[in-house]
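**Student:** Use these hints to put chain W onto chain G, whose structure you have.
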Amino acid sequence: QQQVKQSPQSLIVQKGGISIINCAYENTAFDYFPWYQQFPGKGPALLIAIRPDVSEKKEGRFTISFNKSAKQFSLHIMDSQPGDSATYFCAASINSNQFYFGTGTSLTVIP
Amino acid sequence: DAGVIQSPRHEVTEMGQEVTLRCKPISGHNSLFWYRQTMMRGLELLIYFNNNVPIDDSGMPEDRFSAKMPNASFSTLKIQPSEPRDSAVYFCASRENSPLHFGNGTRLTVT
Numbered sequence: 001q002q003q004v005k006q007s008p009q010s011l012i013v014q015k016g017g018i019s020i021i022n023c024a025y026e027n028t029a030f031d032y033f034p035w036y037q038q039f040p041g042k043g044p045a046l047l048i049a050i051r052p053d054v055s056e057k058k059e060g061r062f063t064i065s066f067n068k069s070a071k072q073f074s075l076h077i078m079d080s081q082p083g084d085s086a087t088y089f090c091a092a093s094i095n096s097n098q099f100y101f102g103t104g105t106s107l108t109v110i111p
Numbered sequence: 112d113a114g115v116i117q118s119p120r121h122e123v124t125e126m127g128q129e130v131t132l133r134c135k136p137i138s139g140h141n142s143l144f145w146y147r148q149t150m151m152r153g154l155e156l157l158i159y160f161n162n163n164v165p166i167d168d169s170g171m172p173e174d175r176f177s178a179k180m181p182n183a184s185f186s187t188l189k190i191q192p193s194e195p196r197d198s199a200v201y202f203c204a205s206r207e208n209s210p211l212h213f214g215n216g217t218r219l220t221v222t
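Those protein sequence lines, which keep their order, are chains G and W. Mapping of the first sequence onto this note's numbering: position 97 corresponds to residue 97, and the numbering continues sequentially without gaps. Mapping of the second sequence onto this note's numbering: position 84 corresponds to residue 195, and the numbering continues sequentially without gaps.
Honestly, the hints are just simulated from the structure, not real lab data. Using N, Cα and C, we set each Cβ at its ideal position, and we do this for glycine too.
Below, simulated DSS-like cross-link-like pairs (lysine-lysine); rule was C-alpha separation at most 25 Å, straight line:
#1 W/Lys189 / W/Lys135
#2 W/Lys189 / G/Lys42
#3 W/Lys179 / W/Lys135
#4 G/Lys71 / G/Lys57
#5 W/Lys135 / G/Lys42
#6 G/Lys42 / G/Lys15
#7 G/Lys68 / G/Lys58
#8 G/Lys71 / G/Lys5
#9 G/Lys42 / W/Lys179
Derived Cβ-Cβ restraints for the label pairs, each shown as a range:
#10 G/Ser96 / W/Thr222: 34 to 42 Å
#11 G/Met78 / W/Arg196: 36 to 44 Å
#12 G/Gln81 / W/Ile166: 35 to 43 Å
In isolation and in its complexed conformation, chain G is listed as follows (with noise of 0.2 Å):
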């Protein structure tokens, strides 16, 4: 049974534009959500990261959204660059000792 439930599978944005990558659990015990992004060849590589007890964290062009009621957690990029062109997964967590995956998200960022 998948623990975090991600989507869309792949996304196709124009450079400039938003990302928005979704993300979904069940868990209510889970205490921490990071994003990672993944490039060709590369390990997954911590993005950003929030916690249960706020509703929205901001680092540069990249946002977190988090609804704890309807355990629902996205990312957003603003002004998305071919530079962000990678895999994205979303996770979650108890006491960052499991972490469960989401499945996936390649951004593609069009010039």
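**Tutor:** Frame of chain G, contents of chain W only:
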């Protein structure tokens, strides 16, 4: 910080052979994780260690898979005998207080 170091980067082997993947976590990190990544199943947790002790190996697919962490700076994942369906990218990750840090993975091909 050299990051998580995995070796080899690529491994091609014949069905039935033994395969050993190696990982050196980031110094000071007390938790180590082994993940497998495939297109069909995404990132799957195989096993994780806390302070060199295996905590949860429920993700290890079969008895053909085994993992060890003899000390804080080294871990191995062994597959014996290997099968074509084991072909995947295997990632090692370590952490100390929340974020997972991934290595660049070992791409395993079993023919």
